[in-house]
Each structure stands twice: as structure tokens, then as C-alpha cells.
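Colleague: Produce the entire structure from the sequences given, and follow the hints as far as they go.
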Amino acid sequence: MAMAPRALLLLAVGLMVVASASAHGGYGSCPRDGLKVKACVNVLGLLKVNVNQPRDEHCCSLLDGLVGLDAALCLCTNLHANVLGLNLNLPVDLRLILNNCGKVCPTDFQCPHH
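Going by this note's numbering, the residue at position 21 of the sequence shown is 36; the numbering climbs one at a time, nothing skipped.
It should be emphasised that the hints constitute simulated quantities derived from the structure, not laboratory data. Check each hint, because a few of them may be wrong.
[Claimed, not checked] Pair ranges (Cβ atoms, derived):
#: 1; residue 1: S76; residue 2: D123; range: 17 to 23 Å
#: 2; residue 1: D79; residue 2: D108; range: 17 to 23 Å
#: 3; residue 1: S44; residue 2: G117; range: 17 to 23 Å
#: 4; residue 1: R21; residue 2: S76; range: 29 to 35 Å
#: 5; residue 1: V119; residue 2: S44; range: 16 to 22 Å
#: 6; residue 1: G80; residue 2: P127; range: 18 to 24 Å
#: 7; residue 1: N114; residue 2: S44; range: 20 to 26 Å
#: 8; residue 1: D79; residue 2: R21; range: 14 to 20 Å
#: 9; residue 1: S44; residue 2: Q125; range: 20 to 26 Å
#: 10; residue 1: D79; residue 2: L111; range: 14 to 20 Å
#: 11; residue 1: R21; residue 2: R110; range: 14 to 20 Å
#: 12; residue 1: S76; residue 2: R110; range: 18 to 24 Å
#: 13; residue 1: P46; residue 2: N114; range: 18 to 24 Å
Virtual Cβ for every residue (Gly too), placed ideally from N, Cα, C.
Modeller: What follows is the structure in C-alpha cells.
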């Protein structure tokens with residue numbers, strides 16, 4: 016139960032950072048279309064990762080301008096989304112996707128549970 020307050024705090028801080036970045040402009044924003052973010056799941060080949068695989072520019076371009084926690088929260092939001100009435104909960108390792116795009120995920124980050 017100690018993880019719930021910590022996860023809530025992490026989510027709140029992330030939302031403040033995202034709100035602050037969007038208010039100032041010039042920063043990237045998280046795509047709101049979960050179908051666009053599916054390209055990031057394809058980076059993993061549905062969890063079949065090749066170590067020397069080149070960056071997936073389509074996926075990485077969706078995360079341009081987002082850093083660390085913002086990029087991780089963006090992926091969490093979209094990978095655990097409700098798309099066309101279907102609840103998606105894709106079990107992917109966000110660190111693999113973020114590392115592939117040159118982003119760094121906070122070491123203790125976990126997607127908030129919806």
C-alpha cells in the first residue's frame with residue numbers, strides 16, 4: 016500500500032510538468048491518439064527486441080520535445096488507453112522504448128494504475 020501514495024505523487028508531479036511545458040509552448044506534447052502511439056509498440060516487435068535495431072523514427076518523432084518523465088507518462092497514458100471502446104493494457108517495457116528514442120526513464124518509474 017505504500018506504493019499508492021508514491022505513484023500518486025509521481026503522477027501529480029508529471030502532470031504539473033506536462034501542464035507547465037504546454038503552457039509555455041515550444042515543447043513537445045503527448046499525442047492524444049492512442050492509435051498513433053502503437054508505432055512505439057512496434058519498436059519492440061511485440062517484445063522481440065533486436066539489440067542493434069535502428070531507432071524507429073516514427074515512434075521517436077511522437078515523443079520529440081518530451082523528456083524523461085513526460086515521455087514515460089505519455090506512453091503510459093496511451094498504452095493503457097480506451098480506444099474505440101476497447102480497453103488497451105499493453106504489457107511493454109517503457110524503458111526499452113524510451114532508450115530506443117534516446118530518452119531516459121526515471122529508474123523507479125511505474126505507470127500509474129487506472
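Colleague: Taking the Cβ atom of D79 and the Cβ atom of D108, is their distance within the range 17 to 23 Å?
Modeller: Distance hint for D79, D108 holds at roughly 21 Å.
Colleague: Are G80 and P127 spaced within 18 to 24 Å by their CB atoms?
Modeller: holds, 22 Å
Colleague: Between S44 and Q125, does the C-beta distance stay in 20 to 26 Å?
Modeller: holds, 23 Å
Colleague: Does the beta carbon distance between R21 and R110 stay inside 14 to 20 Å, or does it fall outside?
Modeller: holds, 18 Å
Colleague: Is the distance from the Cβ of R21 to the Cβ of S76 consistent with 29 to 35 Å?
Modeller: holds, 32 Å
Colleague: Please check whether D79 and R21 have a Cβ separation lying inside 14 to 20 Å.
Modeller: violated, 29 Å
Colleague: Between S44 and G117, does the beta-carbon spacing fit 17 to 23 Å?
Modeller: At roughly 18 Å between Cβ atoms, G117 and S44 fall inside 17 to 23 Å, so the hint holds.
Colleague: Verify the CB-CB distance for P46 and N114 against the hinted window 18 to 24 Å.
Modeller: At 20 Å between Cβs, range holds.
Colleague: So the hint says 16 to 22 Å: do the beta-carbon atoms of V119 and S44 match that?
Modeller: Holds, since V119 and S44 (Cβ atoms, about 19 Å apart) stay within the stated range.
Colleague: Quick check: does the Cβ-Cβ distance between S76 and D123 fall within 17 to 23 Å?
Modeller: violated, 28 Å
Colleague: Does the beta carbon distance between D79 and L111 stay inside 14 to 20 Å, or does it fall outside?
Modeller: holds, 18 Å
Colleague: Holds or violated: 20 to 26 Å for the Cβ distance of N114 and S44?
Modeller: Since N114 and S44 have Cβ atoms about 21 Å apart, the given range 20 to 26 Å holds.
Violation of the numbered hints given earlier is confined to hints 1, 8; the remaining hints are satisfied by the structure.
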